[in-house]
Amino acid sequence: MIELESENLVDKTENAAVRDVSYLEEKIKRMRKSDYAKASTPDTTEEKIEEALELGNQLESKTVYEQFIDTLTQDSNNKKGEALKKKTDEDSGEDDESGSENSENDEEWKLTHKNLLQQYEEEKLNVQAKIDNLDFKETEEEEKIATAQESEGHIFGTEEEQKNDPYTTHFESPLPLEAEKKGFSSIKEPPEILGRVWSDNETALPQPRSNLLAYHVKNRLVESWMRHNHESVDNALRKRKNPNAPIPSRPIFTPLQEHLFPIINDYYDLLYCSRDYHNFTELRSLYVLHALNHVLKIRDRVSRHSARLKYSEDGDLEIRDQGFTRPRVLIIVPSRNDCLKVVETIIDMSPKINSERIANKKKFYEEYFAETDPPRTRKPDDWLARFRGNTDDNFRIGLNYTQKYIKLYSHFYHSDIIICSPLGLRMTMESNSGDTDYLSSIEMVIVDQVEVFLMQNWEHLTLLFKSLNQLPKEYRDADINRIRFSTLDGNAAKYRQSLFFSQIFSPELNALFNRGCSNFKGKFKIQRD
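Residue numbers for the sequence shown follow the numbering used here, so the first one is 704 and each next one is one higher.
By construction, these hints were calculated from the structure, which means they are not laboratory data.
Quick caveat, the model's predicted, so the values are computed rather than measured.
Beta carbons: idealized from backbone N, C-alpha and C, even for Gly.
There could be a bad hint or two in this list.
Claimed, not checked - Derived EDC-like pairs: lysine to aspartate or glutamate, alpha-carbon spacing no greater than 16 angstroms straight-line:
| hint | residue 1 | residue 2 |
| --- | --- | --- |
| 1 | 891 | 1211 |
| 2 | 891 | 903 |
| 3 | 1066 | 1085 |
| 4 | 866 | 1003 |
| 5 | 1055 | 926 |
| 6 | 1224 | 905 |
| 7 | 1169 | 1138 |
| 8 | 1044 | 1069 |
| 9 | 942 | 1003 |
| 10 | 1224 | 903 |
| 11 | 1044 | 961 |
| 12 | 866 | 1024 |
| 13 | 1224 | 926 |
| 14 | 1082 | 979 |
| 15 | 1044 | 1070 |
| 16 | 1064 | 1051 |
| 17 | 1176 | 1192 |
| 18 | 1197 | 903 |
| 19 | 1169 | 1211 |
| 20 | 1224 | 875 |
| 21 | 1044 | 1074 |
| 22 | 942 | 985 |
| 23 | 1169 | 1133 |
| 24 | 1044 | 985 |
| 25 | 1107 | 1059 |
| 26 | 1065 | 1047 |
| 27 | 1107 | 1003 |
| 28 | 891 | 905 |
| 29 | 1197 | 969 |
| 30 | 1176 | 1138 |
To be verified - Pairwise CB distance ranges (calculated):
| hint | residue 1 | residue 2 | range |
| --- | --- | --- | --- |
| 31 | 1219 | 881 | 15 to 21 angstroms |
| 32 | 912 | 1184 | 33 to 39 angstroms |
| 33 | 916 | 1191 | 42 to 48 angstroms |
| 34 | 1188 | 1066 | 39 to 45 angstroms |
| 35 | 1184 | 933 | 43 to 49 angstroms |
| 36 | 1138 | 937 | 32 to 38 angstroms |
| 37 | 1217 | 1055 | 36 to 42 angstroms |
| 38 | 1192 | 1130 | 28 to 34 angstroms |
| 39 | 1087 | 1188 | 48 to 54 angstroms |
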């Protein structure tokens, strides 16, 4: 019995080891390109990632994984031979000396594989360290491609289309002259799905458009949005007052999304106080679409302008398209489970990114995923949904987002999107001696489930808003010649968009929205009856 258990243990160890390294072995084979060994430096972002995943592989000799596979195969054959010999010895009635020798061989075999597995784990840590130190940026080759695509209008559209883009009209418009504020006034006959709507300075409610391209949503997001949002659209179609009424074409939005997205897409500030258990998924999908569209527009513009500056014959060409630091979007949610849902939505809506192109995904799920459900009680559905999963409220994570890769746990100064709780970011501020420079160029703040923060320490959220768009204390790697004048003048907060989604309306929330948000474009408050 002991011998059978020993043999089973060996087989399990061998099978587990082979499974663990199989995908890495295939990855190394794919990276064996004839011209890669001749390249002194990688030319594209993809080759940078491959370099990080290659584990310092020297092409002249075998890698540790190939040696590992060879050793496994050799030891497996030896083990089979020993097992066969052992069975023959037992059948022939030999004494227990051979059994003792085989037991010693078993221990030596297990020790050898234990060392190999330890070496394998160390190499995986080396991979992770290289990925953590890698910043995914477009390179010269990608800038050339961007320039060619721009000339053909593939990605960036015509010059006239770019001028009409809400991103361009908002961030490149000069600040209007300070006028007397008239306060909020009620909009007459708003859409029934919205309820009551108030706007400041008599701002008109933006009207829905016919399709996503009319909203200037990036082409690469259109198909993924239709696929991602189909369940919400189907639920909305089932809830129609007249289910038998004909539908001209499949809607791209639910009725609520159809009337909220024009406000969000035109960069107005929004305080929506009718978030509930039935619409939280479609609201999350909506603001993630807007955030990804914003980030992709920034990266496309920076890449296009970098290529234009490099290959332009006009040495006096001036382009202002950047801030002091890289992070542009800040998403604030109350728990790790909510952060997990936001990240999963981002991944699902990223068309060219699969699981192999997401750095630190395993680590992220280990720290943010939890299978625990709230106890069965007579609580309402929204209570059960809120306390499902990992409810820890101390977290912060940076996302480095490109067209092909997502890097989780990126350094804040190398991130495009920061997702955090108020407590998590407050702890980071205090641990880094009050460093908040990474918040100096935030262009979009999304605060989801504000009613939960009202039950926590509201001061964390107000302090966070006071730290936004301040002039940095330390100059970093920003190109001073490309920083917007509005940012240099300390007016970045007047261009920042703030979106609040709450289940209730409160004086604290109203005060933060009125005093902590100064978007020159205008504000809307919405609350369903």
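Structure-based check of each hint:
{"no.": "1", "hint": "891 / 1211", "result": "26 angstroms, violated"}
{"no.": "2", "hint": "891 / 903", "result": "14 angstroms, holds"}
{"no.": "3", "hint": "1066 / 1085", "result": "29 angstroms, violated"}
{"no.": "4", "hint": "866 / 1003", "result": "15 angstroms, holds"}
{"no.": "5", "hint": "1055 / 926", "result": "11 angstroms, holds"}
{"no.": "6", "hint": "1224 / 905", "result": "12 angstroms, holds"}
{"no.": "7", "hint": "1169 / 1138", "result": "13 angstroms, holds"}
{"no.": "8", "hint": "1044 / 1069", "result": "14 angstroms, holds"}
{"no.": "9", "hint": "942 / 1003", "result": "39 angstroms, violated"}
{"no.": "10", "hint": "1224 / 903", "result": "10 angstroms, holds"}
{"no.": "11", "hint": "1044 / 961", "result": "22 angstroms, violated"}
{"no.": "12", "hint": "866 / 1024", "result": "14 angstroms, holds"}
{"no.": "13", "hint": "1224 / 926", "result": "30 angstroms, violated"}
{"no.": "14", "hint": "1082 / 979", "result": "15 angstroms, holds"}
{"no.": "15", "hint": "1044 / 1070", "result": "13 angstroms, holds"}
{"no.": "16", "hint": "1064 / 1051", "result": "14 angstroms, holds"}
{"no.": "17", "hint": "1176 / 1192", "result": "15 angstroms, holds"}
{"no.": "18", "hint": "1197 / 903", "result": "15 angstroms, holds"}
{"no.": "19", "hint": "1169 / 1211", "result": "15 angstroms, holds"}
{"no.": "20", "hint": "1224 / 875", "result": "12 angstroms, holds"}
{"no.": "21", "hint": "1044 / 1074", "result": "14 angstroms, holds"}
{"no.": "22", "hint": "942 / 985", "result": "15 angstroms, holds"}
{"no.": "23", "hint": "1169 / 1133", "result": "15 angstroms, holds"}
{"no.": "24", "hint": "1044 / 985", "result": "12 angstroms, holds"}
{"no.": "25", "hint": "1107 / 1059", "result": "10 angstroms, holds"}
{"no.": "26", "hint": "1065 / 1047", "result": "13 angstroms, holds"}
{"no.": "27", "hint": "1107 / 1003", "result": "13 angstroms, holds"}
{"no.": "28", "hint": "891 / 905", "result": "11 angstroms, holds"}
{"no.": "29", "hint": "1197 / 969", "result": "15 angstroms, holds"}
{"no.": "30", "hint": "1176 / 1138", "result": "8 angstroms, holds"}
{"no.": "31", "hint": "1219 / 881: 15 to 21 angstroms", "result": "18 angstroms, holds"}
{"no.": "32", "hint": "912 / 1184: 33 to 39 angstroms", "result": "36 angstroms, holds"}
{"no.": "33", "hint": "916 / 1191: 42 to 48 angstroms", "result": "34 angstroms, violated"}
{"no.": "34", "hint": "1188 / 1066: 39 to 45 angstroms", "result": "40 angstroms, holds"}
{"no.": "35", "hint": "1184 / 933: 43 to 49 angstroms", "result": "45 angstroms, holds"}
{"no.": "36", "hint": "1138 / 937: 32 to 38 angstroms", "result": "46 angstroms, violated"}
{"no.": "37", "hint": "1217 / 1055: 36 to 42 angstroms", "result": "41 angstroms, holds"}
{"no.": "38", "hint": "1192 / 1130: 28 to 34 angstroms", "result": "32 angstroms, holds"}
{"no.": "39", "hint": "1087 / 1188: 48 to 54 angstroms", "result": "50 angstroms, holds"}
Comparing the model with each earlier hint shows violations of hints 1, 3, 9, 11, 13, 33 and 36; every other hint is respected.
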